[in-house]
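Generate coordinates for the entire structure from the input sequences, incorporating the hints supplied.
In terms of our numbering, the sequence shown has 272 at position 272, counting the first letter as 1, and numbering is strictly consecutive.
It should be emphasised that the hints constitute simulated quantities derived from the structure, not laboratory data.
No residue lacks a Cβ here, since even glycine has one placed at the ideal position from N, Cα and C.
Careful: at least some of the hints might be erroneous.
[What the hints assert, rightly or not] Below, in silico cross-link-like pairs of lysine-lysine (DSSO-like), each with a Cα-Cα straight-line distance of 27 Å or less:
id: 1; residue 1: LYS277; residue 2: LYS491
id: 2; residue 1: LYS421; residue 2: LYS312
id: 3; residue 1: LYS372; residue 2: LYS312
id: 4; residue 1: LYS312; residue 2: LYS481
id: 5; residue 1: LYS369; residue 2: LYS421
id: 6; residue 1: LYS491; residue 2: LYS481
id: 7; residue 1: LYS491; residue 2: LYS421
[Stated by the list, open to error] Now the in silico label distances, taken between C-beta atoms and shown as ranges:
id: 8; residue 1: GLU189; residue 2: ARG261; range: 52 to 62 Å
id: 9; residue 1: ASP2; residue 2: GLY76; range: 51 to 61 Å
id: 10; residue 1: PRO86; residue 2: GLU189; range: 25 to 35 Å
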Amino acid sequence: MDRWDYIVVGAGHNGLSAGCTLAIEGRSVLIIDQLDWVGGLSASLPWVDEAPRHLLSVGAMDDMLMAQTSLTDDFGLERYGYQPVPLEAPYGWLGENGESLLLFHDFDRTLREIRRFSPKDAATYAEIRPTLDLVMDMVERLVSTRPSEISRARLLRSALKLAPNRSARRLLSRIASLNVFEVINETFESDPMRGLWGYWTSMVGPADLDGTGPYLMAFHATHRKNGVLRPRGGMSGLMEAFRSLFESHGGEVLLGAEVERITVESGRATGVRLTDKTELAAGRGVLTNCAPQVALGQLLEDGVLDHETRTKVSMIPANAVNSAAFKIDLAASGRIGYPAGEARRSDGFDIRKTTLMTGTLEDQIRHLKALKLGQTINPPPVYMAVLSAADRTIAPDGGDVLYLHSNVPADPVGSWSDEAKDRYTRQILASADRFLGGLETEIGRVVHTPLDFERRFSTPKGAYFHVDMGPLRLGVNRPAKGLGDYQTPVKRLYLAGAGSHPGGTVNGWCGRLAAQTALSCES
Numbered sequence: 001m002d003r004w005d006y007i008v009v010g011a012g013h014n015g016l017s018a019g020c021t022l023a024i025e026g027r028s029v030l031i032i033d034q035l036d037w038v039g040g041l042s043a044s045l046p047w048v049d050e051a052p053r054h055l056l057s058v059g060a061m062d063d064m065l066m067a068q069t070s071l072t073d074d075f076g077l078e079r080y081g082y083q084p085v086p087l088e089a090p091y092g093w094l095g096e097n098g099e100s101l102l103l104f105h106d107f108d109r110t111l112r113e114i115r116r117f118s119p120k121d122a123a124t125y126a127e128i129r130p131t132l133d134l135v136m137d138m139v140e141r142l143v144s145t146r147p148s149e150i151s152r153a154r155l156l157r158s159a160l161k162l163a164p165n166r167s168a169r170r171l172l173s174r175i176a177s178l179n180v181f182e183v184i185n186e187t188f189e190s191d192p193m194r195g196l197w198g199y200w201t202s203m204v205g206p207a208d209l210d211g212t213g214p215y216l217m218a219f220h221a222t223h224r225k226n227g228v229l230r231p232r233g234g235m236s237g238l239m240e241a242f243r244s245l246f247e248s249h250g251g252e253v254l255l256g257a258e259v260e261r262i263t264v265e266s267g268r269a270t271g272v273r274l275t276d277k278t279e280l281a282a283g284r285g286v287l288t289n290c291a292p293q294v295a296l297g298q299l300l301e302d303g304v305l306d307h308e309t310r311t312k313v314s315m316i317p318a319n320a321v322n323s324a325a326f327k328i329d330l331a332a333s334g335r336i337g338y339p340a341g342e343a344r345r346s347d348g349f350d351i352r353k354t355t356l357m358t359g360t361l362e363d364q365i366r367h368l369k370a371l372k373l374g375q376t377i378n379p380p381p382v383y384m385a386v387l388s389a390a391d392r393t394i395a396p397d398g399g400d401v402l403y404l405h406s407n408v409p410a411d412p413v414g415s416w417s418d419e420a421k422d423r424y425t426r427q428i429l430a431s432a433d434r435f436l437g438g439l440e441t442e443i444g445r446v447v448h449t450p451l452d453f454e455r456r457f458s459t460p461k462g463a464y465f466h467v468d469m470g471p472l473r474l475g476v477n478r479p480a481k482g483l484g485d486y487q488t489p490v491k492r493l494y495l496a497g498a499g500s501h502p503g504g505t506v507n508g509w510c511g512r513l514a515a516q517t518a519l520s521c522e523s
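Here you go:
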């Protein structure tokens, strides 16, 4: 075929979700991607040639938000091979001397854990839980709803539920008006709680921007419903389930094919042209899982968009505070662990199964200030996950897979040269080596700078979420005012990636809601 009802550009999880939604409704669909695999940044692959049985996750590592919604049940993904692995204690903090604080799925156990460091913080966490639950109830409903269908009356009803008492109103007022670092500072007193929340929220978005207090909800899914789930077989276990469902309904996938242009005739998207000049037609529309800056920028011919819209697209923020992800993914022939941390645990819990973060809140603040100047602090805070500890299918017996993250400047002083990449790699590994044991068994690694992410995955400035998750870039204003309900100025061209509502993290709803929008526009 060279003509389909729909073409989906990008085979990431949102592109797959969009394709499944359309194919289930009987439409002929082609999903196309420049990469040689499905899943994009949400895939787990043998990146190290010398370690073909070690599956490394250079981007996403779990499906925390998706697990809180109905999406996997809606699609019946478990029938297509998806096997979720529940995590008993998904996230935690590790101190310089090996002391650790873990967030368990069991809330009462979490309170006992926090109480070891601060009875006051444990009492505070218990006190704010009902308010956070109400907020998460609202968030989970909004995640699966088109922004244009969210009425003011519905928001008002939700808001009334969020303010049952004075303490709840005070918390909500702080969340709405302060930046998340300020909220953390005013809420918790112990370094483990402050540092843990500080690191996580620094990954979500511009943490020092007023109105980012809602990032405080980032961890709360840990204690709700299914908690945090990790697909067996790595993230590709979930991606291949999407693909199996898609192809079972007649969908087609074309990999290793780069789109040069989205073709437009008379103001309407008609298909795509590949870099080899192959023309592929879409009779009903084109959906793009790529960043809106790419879809409405380099993939459209000059003159398709008016000047005002082109300017609006050029101003969409991506890692605008100059903080971006630097990833080191490592395959080891031996056991990776936390010698001091494991020795300090009195309950025998295997902290290798927990994603551990380091640094105090003050460290995170100093680090962000340095990043804005194109620099970093030494040693930088790090985020460490021995992914194979919870899922033995992604490494051979006796071996391990390490996921290592640190925030770095999106644009460092002197640019991203090979020398800068090597220097940051050494610095981050040295910081992690203070906590880790077993790095001497390394077989090989793959390293991604923000520039590497941009070049390989078309993520602007290396931004996983495509568009910063700022308070004014959510809902109907994501990615920008006038572009926030999946439709674009080009008829039958739809934005289906993380740059649309509900935004970043593995959730699948950006693609599903965009596809539902496309279906509703057919008549």
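Verification of the hints:
For the given pair, LYS277 sits about 23 Å from LYS491 by alpha-carbon distance, which is consistent with the 27 Å threshold. For the proposed pair LYS421 and LYS312, the alpha carbon gap of about 32 Å is over 27 Å, so the pair is violated. Simply put, LYS372 and LYS312 have alpha-carbon atoms about 23 Å apart, close enough for the 27 Å limit, and the pair holds. Our distance criterion of 27 Å between C-alpha atoms is met by LYS312 and LYS481, whose separation comes to about 9 Å.
Only pairs whose Cα atoms come within 27 Å are accepted, and LYS369 paired with LYS421 is accepted, the gap being roughly 20 Å. For the hint pairing LYS491 with LYS481, the CA-to-CA distance comes to about 17 Å; that is within 27 Å, so the pair holds. Taken as a hint, the LYS491 and LYS421 pair is broken in the structure, with Cα atoms around 42 Å apart against an allowance of 27 Å. Separated by about 56 Å at the C-beta atoms, GLU189 and ARG261 satisfy the suggested range of 52 to 62 Å.
The hinted window of 51 to 61 Å between ASP2 and GLY76 is violated, with their beta carbons roughly 31 Å apart. Between PRO86 and GLU189 the Cβ separation comes to about 31 Å, which falls inside the hinted range of 25 to 35 Å.
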